[in-house]
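Enquirer: Each chain is listed here by its residues.
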Amino acid sequence: MPKIKPPVRSPHIDMTPMVDLFSVLLIFLLLTASFRPQEAAPITTPSAVSEKQAPDNDIMTIFISKDGTIFFNFDNGKDTSTHFRSKLLAKMGEQYKITFTPKELDKFGKLASFGLPVKDIKTFINAQDSKERDALQTGIPTDSTDNQLAWWIRSARLTNPFAEVAIKGDGEAQYKVVKKIMDLLQENKVNKFNLVTTLMKEEVTLKDLPK
Amino acid sequence: MAEIIVEEKGKKSGKRRPKKHSTRIDMTPMVDLMCLLITFFMLTTAFSKAKVMVITMPEKDPKDNPKDQPQISAARTLNILLTEGDKIYFYKGMADPKKPPLPALIKSDFSKDGIRKVLLDMNKDLFRKIAEYREKRITGKLVVADSTADNEIKRMKKDDRKGPIVLIKPDEKAKYKDIVNIIDEMAICNIASYAVVDLNTVEKDMVKNAPN
Chain A
79 MPKIKPPVRS
89 PHIDMTPMVD
99 LFSVLLIFLL
109 LTASFRPQEA
119 APITTPSAVS
129 EKQAPDNDIM
139 TIFISKDGTI
149 FFNFDNGKDT
159 STHFRSKLLA
169 KMGEQYKITF
179 TPKELDKFGK
189 LASFGLPVKD
199 IKTFINAQDS
209 KERDALQTGI
219 PTDSTDNQLA
229 WWIRSARLTN
239 PFAEVAIKGD
249 GEAQYKVVKK
259 IMDLLQENKV
269 NKFNLVTTLM
279 KEEVTLKDLP
289 K
Chain B
16 MAEIIVEEKG
26 KKSGKRRPKK
36 HSTRIDMTPM
46 VDLMCLLITF
56 FMLTTAFSKA
66 KVMVITMPEK
76 DPKDNPKDQP
86 QISAARTLNI
96 LLTEGDKIYF
106 YKGMADPKKP
116 PLPALIKSDF
126 SKDGIRKVLL
136 DMNKDLFRKI
146 AEYREKRITG
156 KLVVADSTAD
166 NEIKRMKKDD
176 RKGPIVLIKP
186 DEKAKYKDIV
196 NIIDEMAICN
206 IASYAVVDLN
216 TVEKDMVKNA
226 PN
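Going down the list, the sequences are from chains A and B. In this text, residue positions in the first sequence follow my numbering: the first is 79, and each later residue adds one. In this text, residue positions in the second sequence follow my numbering: the first is 16, and each later residue adds one.
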């Protein structure tokens with residue numbers, strides 16, 4: 079009997095459906111993406127049940143790292159043509175008698191969070207790479223003699239009166255640092271804070287109620 | 016580029032057929048590239064936006080007289096003291112050095128049977144009311160908009176006259192996450208009124224001498 083020969087098939091697989099699928103995924107990711115902003119220090123926020131989402135715009139964020147270093151961030155506002163960040167820096171420059179060129183102001187507007195004394199801001203803006211920048215980030219001074227964070231808050235409030243305040247603290251940060259910042263905010267008539275947390279579901283039902 | 020076709024002579028056939036190419040394109044490099052792009056986007060995007068917990072502090076006025084502060088009933092007061100090493104102590108009522116004996120501190124923790132049990136026990140009525148209201152909405156017996164429901168719950172909390180008034184008192188050594196956890200606990204247990212305040216000197220001593 080002759081052997082039955084299986085038909086010879088090409089070893090090539092049709093990749094078209096795979097490409098289709100990947101394109102769809104890619105387009106989806108591109109459209110939904112909001113890039114993770116660069117942060118100077120890794121911060122692990124504590125978890126809570128709150129499901130309220132953090133606002134995207136009109137927000138000033140105060141970062142507190144594990145060791146109590148303070149960083150500050152301020153957004154450009156819903157309408158980016160308002161250039162709130164540049165205006166904020168110009169105000170700070172006035173306060174600390176530092177003049178920034180329009181180019182520097184513009185560049186600052188595109189940067190993310192920062193945590194350094196005002197006098198170093200110029201070097202910070204003109205730094206070549208992020209490594210150089212990170213070396214400058216020593217935290218915003220909050221000593222009673224030269225409370226620069228207070229000025230940042232005050233100027234930010236004046237630049238964008240609708241800005242909300244978010245505090246993004248590391249769970250391991252000392253409470254007294256947070257308290258200092260909260261007191262500072264209250265002095266500047268901010269009484270509502272958004273504490274940034276990570277969602278952790280926790281359910282208590284009627285059954286859990288002690289009798 | 017233009018090409019001059021030189022007619023070859025001496026060939027057997029006059030017509031030259033171009034070699035048939037397959038119409039299929041090798042998609043593998045494209046797939047590779049896409050894989051790479053997708054991986055890149057997956058790693059750089061922040062899918063879930065950060066959540067926030069809103070707390071509102073009472074306005075601070077330097078002109079405020081401490082005597083003008085609202086008087087709260089001692090029977091409803093629950094003091095929660097937070098200290099080093101995620102420890103919680105609580106006591107009910109008020110610690111007044113003029114009226115000894117001082118209340119004893121009870122140790123607790125953030126577990127399910129810890130401070131939550133105490134809070135739920137004190138806040139039974141309000142918690143039941145809110146939970147029943149929510150259940151009615153989930154089972155479909157009551158159809159209202161989210162905002163209406165939120166307002167209703169807010170009103171229930173405001174009208175509450177029996178639940179505890181929780182004073183959260185973190186000391187110098189408390190960690191930020193302790194505060195967040197305890198405020199979160201207030202949200203879980205539907206506590207109507209709570210405040211974050213400072214420790215007074217009596218309480219500082221109490222924490223110092225507290226049992227471990």
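Keep in mind the hints are simulated off the structure, nothing from the lab. Here a beta-carbon is modelled for each residue, glycine too, at the ideal position from N, C-alpha and C. Each hint should be verified, as a subset may be incorrect.
[Stated by the list, open to error] Stretch-level coverage of chain B by chain A, calculated; a stretch enters the list once three of its residues show a Cβ under 8 Å from a Cβ in chain A: (1) 52 to 60; (2) 172 to 185.
[Said to hold, decoys possible] Partner residues are not named here, just some residues of chain A that face chain B (Cβ under 8 Å, in silico): (3) Ile105; (4) Leu108; (5) Lys169; (6) Asn266.
[Said to hold, decoys possible] Just a sample of chain B residues kept apart from chain A, beta carbon distances all over 10 Å, derived: (7) Ala65; (8) Glu74; (9) Pro118; (10) Glu147.
Enquirer: Each of the hints needs a verdict: does it hold here or not?
Expert: Verification of the hints:
1. With a cut-off of 8 Å between beta carbons, the stretch 52 to 60 of chain B has 6 residues touching chain A; three or more are needed, and the interface restraint holds.
2. Coverage of the stretch 172 to 185 of chain B by chain A is violated in this model, with 1 residues showing a Cβ closer than 8 Å to a Cβ of that chain against a need of three.
3. At about 10 Å, the closest approach between the beta carbon of A/Ile105 and any beta carbon in chain B exceeds 8 Å, and the interface hint on this residue is violated.
4. Here the hint on A/Leu108 is kept, as its CB sits about 7 Å from the closest CB of chain B, short of 8 Å.
5. With its C-beta approaching chain B no nearer than about 24 Å, A/Lys169 sits outside the 8 Å limit, and its interface hint is violated.
6. About 10 Å separates the beta-carbon of A/Asn266 from the nearest beta-carbon of chain B, more than 8 Å, and the hint is not met.
7. A cut-off of 10 Å between C-beta atoms contradicts the statement that B/Ala65 is not in contact with chain A; the least separation is 4 Å.
8. Non-interface call for B/Glu74 relative to chain A: violated, since the shortest CB-CB distance, roughly 6 Å, does not exceed 10 Å.
9. For B/Pro118, the requirement that its beta carbon stay farther than 10 Å from each beta carbon of chain A is met, with the minimum near 21 Å.
10. Against the 10 Å criterion, B/Glu147 falls within the reach of chain A, whose nearest CB is about 7 Å from its own CB.
Of the numbered hints listed earlier, those contradicted by the structure are 2, 3, 5, 6, 7, 8, 10.
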